[in-house]
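A.B. asks: Using the sequences provided together with the hints, build the complete structure.
These protein sequence lines are chains A and B, in that order. The working numbering applies: residue 39 is where the first sequence begins, and numbers increase by one. The working numbering applies: residue 17 is where the second sequence begins, and numbers increase by one.
Among the hints, a few may not be true.
Stated by the list, open to error - In silico SDA-like links for lysine to any residue, alpha-carbon gap of 25 Å or less:
| # | chain 1 | residue 1 | chain 2 | residue 2 |
| --- | --- | --- | --- | --- |
| 1 | B | LYS132 | B | SER105 |
| 2 | B | LYS32 | B | ASP43 |
| 3 | B | LYS102 | B | ALA152 |
| 4 | A | LYS107 | A | LEU86 |
| 5 | B | LYS85 | A | VAL131 |
| 6 | A | LYS107 | B | ASP86 |
| 7 | A | LYS107 | B | ILE107 |
| 8 | B | LYS32 | A | LEU69 |
| 9 | B | LYS32 | A | ASP49 |
| 10 | A | LYS107 | B | THR141 |
| 11 | B | LYS76 | A | VAL48 |
| 12 | A | LYS107 | B | GLU117 |
| 13 | B | LYS132 | B | LEU103 |
| 14 | B | LYS102 | B | ASN129 |
| 15 | B | LYS132 | A | ARG97 |
| 16 | A | LYS107 | A | ILE42 |
Since the hints were made in silico from the structure, they are not lab data.
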Amino acid sequence: MTVILPPLVVDVRVKEAGTRGFRIWFPFVLLWPLLIVIVGFALIVALLVDAALCLSGARYHHYSLLLLKSLHLLAEVRGTHAHINSPDSLVDVDIY
Amino acid sequence: MSEERTRILGMLAEGKITATEAETLLDALASAAEAPVAGTPAPTSASDWPTGPSASGTPKFMYVKVTGKDQVDVKVPLALLRAGLKLTSLIPPQAMDQINESMGEAGMSIDFNNLKPEDIEEIITSLREMEVNVQASDGNNVRVFCA
Chain A
39 MTVILPPLVV
49 DVRVKEAGTR
59 GFRIWFPFVL
69 LWPLLIVIVG
79 FALIVALLVD
89 AALCLSGARY
99 HHYSLLLLKS
109 LHLLAEVRGT
119 HAHINSPDSL
129 VDVDIY
Chain B
17 MSEERTRILG
27 MLAEGKITAT
37 EAETLLDALA
47 SAAEAPVAGT
57 PAPTSASDWP
67 TGPSASGTPK
77 FMYVKVTGKD
87 QVDVKVPLAL
97 LRAGLKLTSL
107 IPPQAMDQIN
117 ESMGEAGMSI
127 DFNNLKPEDI
137 EEIITSLREM
147 EVNVQASDGN
157 NVRVFCA
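C.D. replies: Take a look at the structure:
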C-alpha cells in the first residue's frame, strides 16, 4: 500500500537586487489536519457521485480515484528544489 | 543549531505544534541532510547533486542546470512525473479531450488517452539515457538530465 505523505515543510526565499527580500518557511504539516478534513469530505462526495454514475451506467465513474491520485501527486512534490541566481534576483524553493 | 531546528523548537516551546509534529519536522530536516535513501529527500545543496546522468539504475530526479550569466539549479522528483502521468489516465474523457485540443493548438500533439500505465515505467527508465545540452546565445549553458 502506498503511503500518501504530503509535504512537511515549504521553504521559499526571494531576494531582489536592492531589496531586503523575504523568506517563507512554512511547516505545511500544520495544514495536514485541515487537509484530512477537506479530503475526507470530498472523498465521501466523490464516492457518492461515483456510485450514482456507476448505477446510471456511465462509463466514467472514477472521481474518488482521481481525488486520491491528485493527493498522491501533491505528496510527490516532496524533494523538489529550485535555486535561481540571476544578477537581479535570488530565488530558492525547497519542499521537504 | 540550524535556523530551522531553532524555529521548530521555538514553535514547540510556544505550544504552536505538538511534540509529535515537532519530531516529524525534525526527522524531515535530518533526512534532508543525510544521503539519499529510497523515499527520503536528497541533499538540498546543489553542489552535492550529480553532474551528469546516472550510468545504471532507475533515475530518481530530473535536474536542470543553467550556468553562465544566470545560475539555475532545479531538481524535480521523477515520482512527480510518474504520479502526473498516472493521473492523466483518470481524467474524465470530456476534460481530456479539451486538454488534448489545447495541447494540439500549442503545438504539442500528445494524446494522453494512448498512454498506458505499463508505458510510464518504461518512459521513466528511458529518461536515464536522456541528456539535453543547450548553449544559448546569451552565454548561458543549459543542461537537463536524470539521475
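A.B. asks: It remains to establish, for every hint, whether it holds in the given structure.
C.D. replies: Evaluated hints:
Of the pairs offered as hints, the one joining LYS132(B) and SER105(B) holds, with about 8 Å between alpha carbons and a cut-off of 25 Å not exceeded. Distance hint between LYS32(B) and ASP43(B) is fulfilled; the C-alpha atoms sit about 18 Å from each other, no more than 25 Å. Between LYS102(B) and ALA152(B) the alpha-carbon distance is near 34 Å, which puts this suggested pair outside the 25 Å criterion. Only pairs whose Cα atoms come within 25 Å are accepted, and LYS107(A) paired with LEU86(A) is accepted, the gap being roughly 18 Å.
Simply put, LYS85(B) and VAL131(A) have alpha-carbon atoms about 20 Å apart, close enough for the 25 Å limit, and the pair holds. For the given pair, LYS107(A) sits about 36 Å from ASP86(B) by alpha-carbon distance, which is inconsistent with the 25 Å threshold. For a cut-off of 25 Å, the pair hint linking LYS107(A) to ILE107(B) stands: about 10 Å separates their Cα positions. About 12 Å separates the Cα atoms of LYS32(B) and LEU69(A), which keeps this hinted pair within 25 Å; it holds.
Note on LYS32(B) and ASP49(A): the hinted pairing holds, with a Cα-Cα distance of about 18 Å set against a maximum of 25 Å. Only pairs whose Cα atoms come within 25 Å are accepted, and LYS107(A) paired with THR141(B) is accepted, the gap being roughly 21 Å. Distance restraint check for LYS76(B) and VAL48(A): the Cα-Cα separation of roughly 20 Å lies within the 25 Å cut-off, and the hinted pair is therefore satisfied. Taken as a hint, the LYS107(A) and GLU117(B) pair is honoured in the structure, with Cα atoms around 23 Å apart against an allowance of 25 Å.
For the given pair, LYS132(B) sits about 11 Å from LEU103(B) by alpha-carbon distance, which is consistent with the 25 Å threshold. With a C-alpha separation of about 11 Å, the suggested pair LYS102(B) and ASN129(B) falls inside the 25 Å cut-off, and the hint holds. For the hint pairing LYS132(B) with ARG97(A), the CA-to-CA distance comes to about 18 Å; that is within 25 Å, so the pair holds. As the CA atoms of LYS107(A) and ILE42(A) are separated by approximately 9 Å, the hinted pair is consistent with the 25 Å bound.
The structure does not agree with the numbered hints 3 and 6 stated previously, though it agrees with the rest.
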